[in-house]
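Student: For reference, the chains in residue letters:
Number of protein chains: 2
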Amino acid sequence: MSAPLDASKLKITKTETPKDPLPNDKLVFGQSFTDHILEVDWTKEEGWAAPTIKPYHNFSMDPATCVLHYSFELFEGLKAYRDSNGKIRTFRPDKNMERMNRTAKRAALPTFDGNEFLKLLDQFLLLEEKFVPQGKGYSLYLRPTLIGSSIGLGVSTPTKAKLYLIASPVGPYFGSDFKPVSLEATDYAVRAWPKGVGSYKLGANYVSCIEPQAEAAKRGHSQNLWLFGESGEITEVGAMNVFFAFENDDGTKELVTPPLDGMILPGVTRDSTIQLCVEKLPSDWKVNERKLTIYEVMERSAKGQLIEAFGTGTAAIVAPIDNIEFKGKQIEVPCKAGSSGEIAKQVNDWIQKIQYGDEEFKDWSRVAA
Amino acid sequence: MSAPLDASKLKITKTETPKDPLPNDKLVFGQSFTDHILEVDWTKEEGWAAPTIKPYHNFSMDPATCVLHYSFELFEGLKAYRDSNGKIRTFRPDKNMERMNRTAKRAALPTFDGNEFLKLLDQFLLLEEKFVPQGKGYSLYLRPTLIGSSIGLGVSTPTKAKLYLIASPVGPYFGSDFKPVSLEATDYAVRAWPKGVGSYKLGANYVSCIEPQAEAAKRGHSQNLWLFGESGEITEVGAMNVFFAFENDDGTKELVTPPLDGMILPGVTRDSTIQLCVEKLPSDWKVNERKLTIYEVMERSAKGQLIEAFGTGTAAIVAPIDNIEFKGKQIEVPCKAGSSGEIAKQVNDWIQKIQYGDEEFKDWSRVAA
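Protein sequences, first through last, are from chains U and Y.
Numbering follows the UniProt record's numbering, with no gaps: position 43 of the first sequence is 43.
Numbering follows the UniProt record's numbering, with no gaps: position 224 of the second sequence is 224.
Hints listed in this document are in silico derivations from the structure and should not be mistaken for laboratory results.
Among the hints, a few may not be true.
If several chains are the same, the list does not tell them apart, and a pair holds so long as it fits within one copy or across any two.
Claimed, not checked - BS3-like cross-link-like pairs, simulated, lysine-lysine; straight-line CA separation at most 25 angstroms: (1) K291 - K195; (2) K44 - K119; (3) K95 - K280; (4) K195 - K329; (5) K179 - K353; (6) K336 - K286; (7) K195 - K327.
Make the full structure from the sequences, and use the hints.
Tutor: Here you go:
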C-alpha cells in the first residue's frame, strides 16, 4: 500500500526566528535562503509520507547514505516572480514536474504526482512571500531536489528517498548588465552521448562540467561550448541550451537549436524560446531544431551570415554570445542590439513579460493561491 | 598557505559504546559499520585540517550542500584482510590512492598525498582490528569517500570538501557460493563514451546503472553487460571489468579484456588479473588488452572457441559468467571448473592468497602497522 504524494496532508511548522529578506543589491545566486524547507520522505514500503514545511534546517545524514556514494540525486530549477499586483507567479512549473519525474525514473528514484507537488509549492510560496523580491530581473529561485536516502553501500535501487524544496532570492544571473559571454569550444571532453543520460537533470551531469569550465576561464572565456563527435556538433553552452541565428543566401533567416536527440537537456526556456519565436518572429524567419556543427558556424560567420547566438536557461533566461574560440581561432558573433543580438533581446523581453504577469501567453504563468 | 594532508596530526576520540562485531553469517555487504569514522576536512583557504577518528556519527548537512546537487562525490573500495598471524593487510591500496586523486582532479575536488592517507588508514585499521573478520572470503570493506561540502547553488568549484572513511565487515559478495552470473547485454543505454568520465570512480557513473541492471533482472539475469557503439564493443559487466578467454584456430589461447581507452574503469583487480595471468598462465596463453565485440563472442562461441568469461572487481574478486543474452539469443559460456572456468578459479585463488598473506607477490600486500 504505497501512498501517493498528497498535498492535503501538508503540516506546516513556522519558524520562531524569521529573517529579514536581504536588499536586492546583496543577493548572490543560491547563497541565501528563505526561512523554511519543504520536505516529503518516501519509503518503498509506505510510499510518500505527509509533506512538511519546517524551519530551514540541516539534514542529519549517515555517511553511508546512498546519495553520497552513487549519486542518487536530481533537481529542478525554476523561479517565482512578483507581479505588479503583488501576486506570486511561477513560469511553466508543470514542465519542471514532467522533467523531474522523467529523471527520477531514469535514476531509479520514486516518481510522484507533479500537480500535488505544485500545490505544495504554492503553499510554500504564500508562506515565504516576503522573500520574493520586487523588480525586473529579481526573483525567488526554487530548487526542488530528490535524493536517495537509504543507508548502505550495495549498488541497488534506493528504498528510501527525500523530496525537498529550498528557495533563494536572486538577481540577474550574470550580474546586473545584460552582458554577452565569450565561449571556448571544448573538444577534449564530451558532456553527453547518444543513449547516455545527458537529457536528464541529474546531479551526475554537472560534476564533470567544472573542469572544462575552469579551463575555458583560464583563457579568458566565461563559458565553454560543448561539441560532440568528429563533425563538431554543437550541443550545449556551459549548463544552458544554445541558439544560432543565420541569414540564408536567399535572404530568409533561420534560428537553429540542436534537436532533443537524447544528448540535450530539454530546457523549459529552450522550449519557450522556440514557441515564442515560431509565433512572434517575422515571416522571413524559420525556427529549426536541427543538428549544426562548429564548422557550419565558422563558415557562415566567414560569409557574414551569422546574425547572433545566445544560450538559454532558467538562471539567466538568455545569455548573449559575442565570441567563440575554437582551436585557437576566434569566431566573432554580432551583437546588433548593443549588448546582445536582437532576437536574444526580444526573447528575454517576451519571456520576462510573461514571467512577471505583464502579458498572458497560453497557460504559462501560474499564480500561487 | 594551503596545508597538505598530514597523518601526524591525527586526533583519535574513541567510542564510549563499543559494539560487538557481528558473526560472519550475519554480514550483509555494506550494511553494518565499525565503531569509528575517519574524517579530514578541506577548505580552499586553509587546505587539509587535522585528521580525526571519532565515533561513527551522522553528518549535519545543509540541504544546499553541493554534493547533494551537482554530484561532487567520488569513492574507492578496498578491503582489509586478517592473515594467519592475525595481522591486518590491505591489497594494493596505493592503486586506490592513485585513482582517487585522479578522479578528484577531474571532479574539481582537492587532491591529497595518498601515502599520508594510507598511514591514517593503518591507524584506523589497528583501532578497528576486531571488526576484520576471520576466514577466507571474509574481510573489512573500506570505503574512502570524498565529497564537496560547500554550501550554495552556483555551479562552480567547491571551496570546501570532506574526505572520510567508513568500514563494513563483509562476506563473499555474491553469497557463499562461487556461483556463475548470467548477463543481459544492454544495447539501449551506454555507460560511458570517449572523452567522457567512465574511467573515473565518480558517484556519477553509478546512478545510471541501476535501471539497466533492474531491466536485466526482470528477465532473470543477475547483471548487465555494457556494450558501446554500432559494433557492439564490450566494455564492462555491471560495475565490474570483464575478461573473455578464447582458443585460437592454431590452438594457442588468448585472455582478452577491453583496453583503458577512457571508457573503462581502471580496476585494481583488473590490473592484478592481467599481471598475474601474464606471469602465471602456461606459455600457450597470451593476455591482451584489446577491443572485442559481442559479435566476436557470438562467433567464437559458435565455433566452440569460447573457453570462459568472468568479471573482476574488489567486492567479488572474480565473478564467473555462464550465460549472455543478446537480442533474444543466448550465448552459453563454459564453466569447466564446475561453478566457474579454470582461469577464473585460478585468478581468484592467486589473488586471495596474496590478500590473506599466504603468498607474497611484488609489494601488493600492505601490513597495517
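Student: As a check of your reading, is K195 near K329 (CA-CA no more than 25 angstroms) within one copy, between copies, both or neither?
Tutor: between (32 angstroms within a copy, 22 angstroms between copies)
Student: Have a look at K95 and K280 and pick one of within, between, both or neither, based on CA distance no larger than 25 angstroms.
Tutor: within (21 angstroms within a copy, 59 angstroms between copies)
Student: If the cutoff is 25 angstroms on CA atoms, where do K179 and K353 land: within, between, both or neither? Let me know, please.
Tutor: Within one copy only: 20 angstroms inside a chain, 64 angstroms across chains, cut-off 25 angstroms.
Student: Treating 25 angstroms as the Cα threshold, decide for K291 and K195: within, between, both or neither.
Tutor: both (17 angstroms within a copy, 20 angstroms between copies)
Student: Should K336 paired with K286 be assigned to within, between, both, or neither, using CA atoms and 25 angstroms as the limit?
Tutor: Cα proximity of K336 and K286: one copy only (19 angstroms, versus 64 angstroms across).
Student: 25 angstroms Cα cut-off: does K195 pair with K327 within a copy, between copies, both or neither?
Tutor: Between. Shortest inter-copy distance 17 angstroms satisfies the 25 angstroms Cα cut-off; intra-copy 28 angstroms does not.
Student: Give the relationship of K44 and K119 under a CA distance limit of 25 angstroms: within one copy only, between copies only, both, or neither.
Tutor: within (23 angstroms within a copy, 41 angstroms between copies)
In summary, this structure violates none of the numbered hints.
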